[in-house]
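Peer 1: Protein chains in written order, with full-length UniProt numbering: chain A, 1 to 585; chain B, 1 to 194; chain C, 1 to 277.
None of these hints come from the bench; they were simulated from the model. Positions of the beta carbon are idealized from the N, C-alpha and C atoms, including for glycine. Some hints could be false.
The list that follows gives simulated cross-link-like pairs (lysine to aspartate or glutamate, EDC-like), each with its CA atoms no further than 20 Å apart [as the list claims (entries may be wrong)]:
#1 Lys205(A) with Glu176(A)
#2 Lys169(B) with Asp182(B)
#3 Lys27(A) with Glu38(A)
#4 Lys32(A) with Asp182(B)
#5 Lys27(A) with Asp182(B)
#6 Lys205(A) with Glu99(A)
Here chain A is said to cover these stretches of chain C; the calculated rule only asks that three of the stretch's residues, wherever they fall, bring their Cβ under 8 Å from a Cβ of chain A [claimed, not checked]:
#7 170-182
#8 211-220
#9 224-238
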Amino acid sequence: MLSPSLASAGRRSSLEPAVLVEGLTVKYPGRKCPALEEVSFSIQPGELALVLGPSGCGKSTLALCLNGVIPQAIGAMMDGQVRVAGLDTRHAPLNRLSEKVGVVFQDPESQFCLLTVEEEIAFGLENLGIPPGEMPGRIAAALELVGLSELRDRRIDRLSGGQKQRLALACVLAMEPQVLVLDEPTAHLDPQAAAEFFSAVAHLKATGQHTIIVIEHRLDDLMPLVDRVLLFGPGGRLLAEGPPRAVFATYRQDLDRSGIWIPQVTELAYRLAEAGVEIDPLPLTVEEAAEALEPYLGRVCLRWPPIVDPPERQPATEVRRLSYRFPSGFQALREVSLAIPEGSFFALVGPNGAGKSTLALHLVGVLEPPPGAVRLLGRPLGAYTRQGLPHLVSYVFQNPEHQFLTGTVYDEVAFGLRVQGLAEREVEARVSAILEEFGLASLAPAHPFTLSQGEKRRLSVATALVLRPRLLILDEPTFGQDRRTTALIMGRLRELVRGGGTVVAITHDLRLVAEEASAAGVLVAGQLAFLGPVAALLGSTSLLRRAGLVPPPLVRLGQRLAEQRDGLPLLSTIEHYLAALGAGR
Amino acid sequence: MRRLLQPWTTAEILVVATMGIAIGLIWVPWTWFYQATAAVLGPWAAHFVGGFWLIGGVITPYIVRKPGAALLGELIAALAEMPLTPWGAIVLIAGLIEGGACELFFLATGYRRFSLPWLMGAAAFGGLAFSLLYLYPIQGWGRLAIEAQVLYTLMRMAGAAILAGGGAKLIADALVPTGVLDAFPIARERRPEI
Amino acid sequence: MSQGIYMETSSYLHRLNPVTKFVLVIPTTLILTLVVDIAVPALFSLFFLLALLVLGRIPPSRLARALLPFLPAGIGLLWTTAAFYQTRMAEAPAVALDLGPLQLTRAGIIYAVSIVLRVLAIYTSSLLFLLTTHPTDFILALVQQCRLPVRLGYGVMAAYRFVPLLSTELAQIRAAHRVRGVPEGGGALAAPRRLLGYAIPLLASGIRRAQQVAVAMDARALGAQRRRTFYRHLRFSGSDLAFLLAYAVFAVVVLSLLVWMGLPARLDPFGGPAMRR
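Sequences and hints are given; from them, build the entire structure.
Peer 2: Structural data, given as structure tokens:
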């Protein structure tokens, strides 16, 4: 561990730290292992601290300790001391604590209890006993800070996920806390909404009135704001504490091993260093990376990337002039036509509510297309029986829980094979092999609902892959996944494609699109706004904006570099950079 | 015993309310199933089907095991059902009677007995109370043939025991392995430390 | 958010305190339970329907739509009550309708009609409340006027927010089960088993979410302060008093008429002495 005295040397003043945690150990009833063990750190007023750690390392528990909900409202055993803004969280009344500490949680659907934006913000003020006359002013100020002023009278169920998260932030801001704890606030948001949330956070940080603790794995937009990183290891222990650059430079192995996301440009720098291109200091933001790479622009390899035309193949799925209107009257699809060749990885992108899932559900017959509108492997979809389709197509839903059917992980994977009528010995062999590969073997008897988010996703992909589908559709396959799970799943999808299978990914994750997909379709308001190679999509900023997407850091970096060096193609993945910078030559 | 006297936590209230609302929503189509049964098989069968209306008073105490859970669960379910049922606010009166009766039953056991026979007993007792305190005064059962009165009451009790008592056990037991009830007594009694 | 059959508009009834409207259900139920009669429940129904039309500004078509579901329920109740009615008097019953094995007596039919009208009157009394009161306002009024514990009131409101979420999740679960080739159709046990297959994941996610909301509410100091303030105060006003008075006058007039026409014979809490007709 970087010694704390060194890490924050020169900053320590006579002020009491905003947050002081000493020897904190928390254990939940019914669990043998503590959620947090012997954690000590302190955070100075006005700092923004980023908490990193593998899933299940106790980050959310830490958030609840900081506002006294543990141990006061949730029965858990707590040892050690937590002082926030001078209050001991064990003894200070919860209402006084919530005037000092506000928490924003990750799920936008489970933070509210009232009907309208205004009433929801008032709820916290009412609980504090604030006189009603003071409330309108405070509500307006909080809405202003997060940029939601026009939505004051709006009903909460009409807000988008991103607006809900900013409302959650406004709700705690109205209570005027000194310390803000944000517990994976963008985990359920698309990149655009996440960017808007972070810009609200940046605005707050600039006011200098808040100490902010962020638990987050989406780091690219956040890095410019981070003063300090707390890195947790497995088992709820604090592994390291210090300025971000020092932590990322020193703890690469732990970050890799735990599958923790790091800024994409930092990852690029790691890989370039491996290949012999040392970049010092380690870049954390696109700007820093662009500056650092400038000296290398002179020797880039311009002949890259080689363009290879994919061989002509018959379409795995073909859609002709498909329109669909929901029973509610909402026109979800308008005259969509496309063909996805066998053996390809296709990305389907577009804003929320554009009809991506509706289109995908037509491809597999859950929504019944009009006769002839959808063909699968050369035959009309209607020619397949309901029993026959699951042999050919699989669908991984965004929320893995929705598709779990059985009581154990093992049965879950075996289910589809048994429906196909395979012999139990064959089932056993295939299930065991894939559980092993996905790191789920030890969880075979567990109930699928008790798994972690990453394990659930791995399980839902395993249940699909074990069937060796000809067409696999995945809805947001990387959503909320750690780096290791993502790498594992992507590796298996690549294999499937190499073996002639077809993958369709519905996603907002342009990094995934850049790295994996060969072609992409953009749906906007039920219409196909673009259909073509991924490079063309990434190159068009206006198209990306229409699709509600933000270019990922490596694309933005590529744009910057392309501006500085004529003839440089748009670099969008780590592989591109490695090839272009001639690393390893 | 001390646990019983502790005030309800927000989490307990939310979980009971959520269960209650989910149950109340299931009751809405159930009303039409009940009507259809009455039309096709006759009122005796409908009263068996009607026993399912007791499930709110059994499943929540089975999970939370605290005083008030039966009354609260059944009343919240009735509240959720009320705007969508052809009976209107009458279902609140029904819920009060049914939930209250189940509550009394569990109180008499000291909130300690929750095996299947006791759950069925609580539901049957609630069904009996519903017959005596609701169906007689409001639907005027006193004037029906005596055989019909006895048959209906027994069918109501049997339906309650099987559909509500058995159903509560079936659903709650299926929820335990999912881990979402780990903070509640029902899960603590059977899941080992992990 | 599900609002039930609440109709959003502005009217005298909409502005009344929810508790005022709700509380009328209680005397209405009590009075009607004590009386077996056709005119009395009919008058009560009329009172509430007129109030809804005039004071509540509910269009007649909307009101008819709200009454529609009562039709099958009422017919069912009418038929079973009439069919199984048994007079306890020695005199031979006068058969009014002969359906072969089943004979409906005149007394039975009259009795059944009075029971159906009783239930209808209680239903219309709750329509007065349901059509003009937002569910959230009702709970808020229970907290503010009836001292419902704050934690309980807001807890129920928070859980009520899950209703639309439950229905979208149900649709997703059904689609997911279909894609995975869950056999459809089958024997008598297949349908309940399939429903349980939908219900468990739905309830599990609801319960998990309920606990998350609880934490979020605790974190915002719910119930931590003994003296809580209210941003939006629901009050009892002169209008509430006026409406309660109007109801009381109406009830007294109806009951006086009843006494004047011979009350004791119509007092019938448990189906005691039969009507003399």
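Peer 1: Next, verify each hint and record whether it holds.
Peer 2: Hints, one by one, checked against the model:
1. Of the supplied pair hints, the one linking Lys205(A) and Glu176(A) holds, its CA atoms being roughly 14 Å apart against a limit of 20 Å.
2. Straight-line distance between C-alpha atoms of Lys169(B) and Asp182(B) comes to about 16 Å, which keeps the hinted pair within the 20 Å bound.
3. A C-alpha spacing of about 11 Å is found between Lys27(A) and Glu38(A), which places the hinted pair at or below 20 Å, so the restraint holds.
4. At roughly 14 Å between alpha-carbon atoms, Lys32(A) and Asp182(B) fall within 20 Å of each other, so this suggested pair holds.
5. Between the alpha carbons of Lys27(A) and Asp182(B) the distance comes to roughly 14 Å, so the proposed pair stays at or under 20 Å and holds.
6. Annotation: proposed proximity of Lys205(A) to Glu99(A) holds, straight-line Cα distance about 18 Å (limit 20 Å).
7. Only when three residues or more bring their CB closer than 8 Å to a CB of chain A does the claim for the region 170-182 of chain C stand; here the count is 10, and the claim holds.
8. Here the region 211-220 of chain C counts 8 residues with a CB under 8 Å from a CB of chain A, which clears the bar of 3, and the coverage holds.
9. Against chain A, the region 224-238 of chain C contributes 9 residues with a C-beta closer than 8 Å to a partner C-beta. That satisfies the three-residue criterion, and the hint holds.
Violated hints for the displayed structure: none, as all numbered hints are satisfied.
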